[in-house]
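Count along the sequence shown starting at 1, add 5, and that's the number in our numbering.
The set of hints was computed from the structure by calculation and includes no laboratory data.
Keep in mind that a hint or two might mislead.
Simulated restraints, written as ranges between beta carbons of each label pair [unchecked claim]:
| # | residue 1 | residue 2 | range |
| --- | --- | --- | --- |
| 1 | R42 | H88 | 18 to 26 Å |
| 2 | D78 | D146 | 33 to 41 Å |
| 3 | G191 | M81 | 38 to 46 Å |
C-beta: ideal position from N, C-alpha, C; glycine also.
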Amino acid sequence: MPPGIADIAAIPGDIDAIVLAAGQSRRTFPQHKLLARDADGRPMLATTIRRIQASTARRIIVVLGHRAHDIRDAIMPYMDPRHPPPHLIHAAGHACGLSASLRAGVAAAQAEGAGGALICLGDMPLVPTGLLDRMIQTHHDSHPAAVVVMQGGRRGHPVLWDRRMFPALLRMQGDRGARDLLRQMGDDLRRLPAGPEIHADFDTPERLAQFSMLSLVS
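Work out the full structure: start from the sequences and follow the hints.
Right, dumping it as structure tokens:
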């Protein structure tokens with residue numbers, strides 16, 4: 006455990022999901038990957054969010070940045086009306102790297118008293134709701150500093166952080182995310198087995214072409 010982190014007990018049932026969706030999609034330029042449509046016409050980010058809406062997460066925070074208005078207008082008609090709509094925020098420093106979006110999302114979760122934050126990537130629409138619920142339940146059962154998913158010996162996404170890690174996450178800088186923090190967890194890290202979907206993102210033109218042929222309506 007990194008030094009200087011207070012031992013704060015988490016509150017069961019208060020996990021906020023944070024969807025990182027502020028990037029510039031440079032690898033798929035001129036197409037924005039999160040606006041790409043599947044075979045049924047649904048934007049990628051909308052599918053990612055709908056699967057989280059169906060989970061036991063308390064609230065969904067979507068961190069926007071590049072083309073925020075276009076993304077908001079594209080996804081909102083596809084939100085599941087049976088669940089509360091996502092809370093959309095803007096990461097002012099999103100162009101400076103992934104950590105700016107992470108900090109914005111964590112700050113929003115912390116401000117509402119979240120017991121933890123489930124960090125999801127907007128370009129990973131194949132992650133199933135059931136896996137998200139398993140991660141949340143694992144946190145509720147033992148309150149580790151973090152819950153990660155593993156497949157083939159590799160860590161994937163999403164990652165669930167307990168709220169006692171929020172101060173460290175809010176100090177993140179650059180474009181590396183929180184990988185270094187995970188390496189320091191030791192026995193306070195829970196690993197869950199998962200399928201290949203935890204590595205399945207869509208961040209190249211070739212992968213977007215594959216996404217366009219998928220039918221993911223739920």
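Can the suggested window of 33 to 41 Å be confirmed for the beta-carbon pair D78 and D146?
holds (40 Å)
Cβ-Cβ distance between G191 and M81: within 38 to 46 Å?
Holds, at about 42 Å.
Is the hinted range of 18 to 26 Å satisfied by the C-beta distance from R42 to H88?
Check passed, 22 Å falls within 18 to 26 Å.
In summary, the structure agrees with every hint in the numbered list given earlier.
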